[in-house]
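Use the sequences and the hints to build the structure in full.
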Amino acid sequence: MATIDASLHRPRATTARAAASAGSTNALRTLVRRRFALNIRTPRELLVPLLTPVLFALIIAPALADQIPTVRGIDYMSFVAIATVGLLLPLNCMLAGIGLFVERDSGARRDLIAAPVRRPLLVLGNLAVALAVSGLQLAVLMGAAVLRGAEFSGTATGIAWFLAASIGLVVVMYGVAETLANRIPSQEEYVGALPAVAIVPWFFAGSLFPIGAMPAALAAFAKVLPLTHALAIMRYGLVDKRGIGLHDIWGMSSPTVMAFLSLAVVAAYAILFTVVAVTVFRRATVR
Amino acid sequence: MEQLAVEVRGLTKTYPGDVQAVRGIDFDVFPGEVFGLLGPNGAGKSTTVGMLTGTVAPTAGTARLAGWDVVAEPLAARRASAVVFQESVVDRPLTGRRNLEIHARLWGVDPATAGVRFGEMVDAFGLGEIIDRPVGSYSGGQRRRLELARALLSDPQVLFLDEPTVGLDPLIRHELLDLIAVLRRRDEMTVVLTTHYLDEAERLCDRVAIIHAGRIVALDTPAALLGTLGSELLEVHVDGDPAAALSVLRAGGVASEDAFSVGGTLTVPLHGSPAHAAVVAVGELGLTTTELTTRRPTLDDIYLRLTGGRLAAA
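Quick note, the sequences are listed as chains A and B, same order. Sequential numbering from 1 applies to the first sequence in our numbering. Sequential numbering from 1 applies to the second sequence in our numbering.
Heads up, some of the hints might be wrong.
[Unchecked claim] Chain B residues, not near chain A, derived (Cβ > 12 Å throughout): (1) A82; (2) E202; (3) A218; (4) G252; (5) L306.
[As the list claims (entries may be wrong)] Label pairs and their in silico Cβ distance ranges: (6) R283(A) <-> A213(B): 25 to 33 Å; (7) R282(A) <-> T294(B): 52 to 60 Å; (8) T157(A) <-> A60(B): 55 to 63 Å; (9) A139(A) <-> T62(B): 46 to 54 Å; (10) A213(B) <-> S186(A): 53 to 61 Å; (11) E188(A) <-> P170(B): 31 to 39 Å; (12) T279(A) <-> D220(B): 24 to 32 Å.
Because the hints were derived from the structure by calculation, they are not lab data. Even for Gly, the Cβ is constructed at its ideal location relative to N, Cα and C.
Next up, the structure:
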């Protein structure tokens with residue numbers, strides 16, 4: 001045990017009344033840095049969520065494309081490359097939710113809650129990191145798909161649609177992850193729920209085939225999934241200039257209008273799940 | 001008039017299921033005071049600290065920290081305080097340095113001040129050799145020292161120590177109590193300490209509130225509380241019904257109303273009466289006793305008298 005210095009120099013520079021406010025921006029920046037430091041301590045933590053989608057892009061997608069050259073005139077390799085994005089982003093967000101259990105059970109969450117910081121910032125800081133990590137992984141995944149032969153249209157507008165849909169999907173899925181992590185009592189239960197939340201919708205959302213190929217009831221279900229809208233926008237941006245996927249959802253003639261409508265749906269889900277996530281976090285942390 | 005460091009009025013917390021954890025408590029803590037909330041597990045101490053630090057929403061009543069209402073002005077109230085929690089609350093994968101830096105930034109300590117205080121705290125708490133190691137590699141005592149240093153980094157006006165020594169081995173516990181005693185000597189630092197260890201309360205606190213079943217049943221200095229039982233107690237271990245034995249002692253004039261029984265032990269404050277006379281009187285009353293001892297009163301006795309339950313058994 002160290003000797004304690006009882007005569008500490010103690011300038012009272014910080015009093016509650018006189019202290020400069022931490023400021024939401026500074027607090028958010030600190031929370032984001034902290035979350036980065038916790039989430040990405042080794043390259044492994046960045047790469048593991050990429051494994052399944054990259055293997056899909058490199059091995060399964062080309063094999064499928066060999067059997068199914070095109071889907072409604074779209075190169076299937078490129079069609080499925082977008083599908084891997086719809087697998088990666090939900091998986092990555094849900095895996096990020098596991099960190100919340102660690103933070104709650106053996107981490108510094110209570111100290112953060114006692115901090116003079118607006119509590120939604122604690123959720124938004126985590127969301128910002130989920131967005132950044134997803135962005136990095138998205139770049140790797142798309143690079144792998146291009147190397148394997150996928151062809152994407154590289155217009156600025158197309159990329160903007162793709163990015164907007166990707167960001168929206170991450171916000172939706174991170175909201176779901178944060179909500180579940182604060183509602184489900186144990187990490188084991190959360191991991192058990194992960195495939196149902198991150199992977200099952202992927203099969204209904206027009207990932208591997210157009211939703212019109214499914215029975216009407218399933219197609220109707222697919223249309224309410226945010227992932228369906230996000231994938232349709234991503235494809236419209238990069239591989240599906242005619243907006244066939246969007247047409248399957250909306251049945252309209254203008255791809256741009258349909259893309260905006262789908263983006264509005266994704267944005268509405270994003271706002272909804274972010275609000276729910278913040279509300280659930282508040283209830284879970286302040287008894 | 002000097003502003004109170006903590007001002008609590010009618011503070012109440014009822015959890016779902018009508019679980020009344022805190023039932024309308026009132027107390028003040030003066031600047032620079034070390035104030036103890038003493039009581040067994042489940043008495044409502046941690047819930048009270050939770051309400052004061054914004055992690056538990058009060059059902060009714062008001063609480064102010066350094067003049068700030070904890071419900072109406074939560075950010076200002078939280079900025080004026082810091083907490084060392086009962087269990088370890090640190091980011092274990094991060095280094096001690098990183099944990100301290102994050103805390104300082106979140107509490108809005110300007111970087112220059114944070115740098116000065118960081119050095120002071122690391123030196124004062126003997127963290128220099130471990131500060132750049134992941135906290136997961138720290139011993140329990142090292143983690144506690146880090147948490148104390150972290151709490152002090154923002155120079156809080158009110159420091160909450162919620163059962164800070166629970167789960168620590170006796171050596172580390174004594175070292176930590178020394179640390180807290182150092183804090184106590186520092187000007188202007190108000191400390192609210194919750195504990196169910198009576199020796200901690202006696203050693204550290206200027207005043208103590210004994211809390212039982214969500215209510216404050218006594219509030220005074222340890223010396224004043226001890227004084228209510230006089231300077232000496234007679235402890236009588238009896239065979240048979242202790243309540244009946246206590247009635248016999250009272251009827252015989254050996255025990256007054258503040259005598260109490262727990263299990264088969266009767267505790268009788270002597271209030272200046274000679275101990276040998278009391279022992280003789282007990283013998284004359286015909287009680288079957290297995291042991292008679294005299295000793296000085298402790299806070300434990302105060303608590304037992306007020307609540308009828310032994311702290312250690314809680």
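A quick look at each hint next to the structure:
1. A cut-off of 12 Å between C-beta atoms contradicts the statement that A82(B) is not in contact with chain A; the least separation is 7 Å.
2. The Cβ of E202(B) sits about 21 Å from the closest Cβ of chain A, beyond the 12 Å cut-off, so the non-interface label holds.
3. With a closest Cβ-Cβ approach of about 27 Å to chain A, A218(B) is found to remain outside the 12 Å limit, as its non-interface label requires.
4. In this structure G252(B) is separated from chain A by more than 12 Å, as the shortest Cβ-Cβ distance comes to about 51 Å.
5. Separation of L306(B) from chain A is adequate, the least Cβ-Cβ distance of about 27 Å exceeding the 12 Å criterion.
6. Roughly 27 Å separates the CB atoms of R283(A) and A213(B), a value that falls within the hinted 25 to 33 Å.
7. Remark: the range hint 52 to 60 Å for R282(A) to T294(B) is upheld by a beta-carbon distance near 56 Å.
8. Between T157(A) and A60(B) the Cβ separation comes to about 57 Å, which falls inside the hinted range of 55 to 63 Å.
9. The supplied range of 46 to 54 Å is met by A139(A) and T62(B), whose beta-carbon atoms lie about 53 Å from each other.
10. Separated by about 31 Å at the C-beta atoms, A213(B) and S186(A) break the suggested range of 53 to 61 Å.
11. About 36 Å separates the C-beta atoms of E188(A) and P170(B), a value consistent with the hinted range of 31 to 39 Å.
12. Between T279(A) and D220(B) the beta carbon distance is about 43 Å. The supplied range of 24 to 32 Å is therefore violated.
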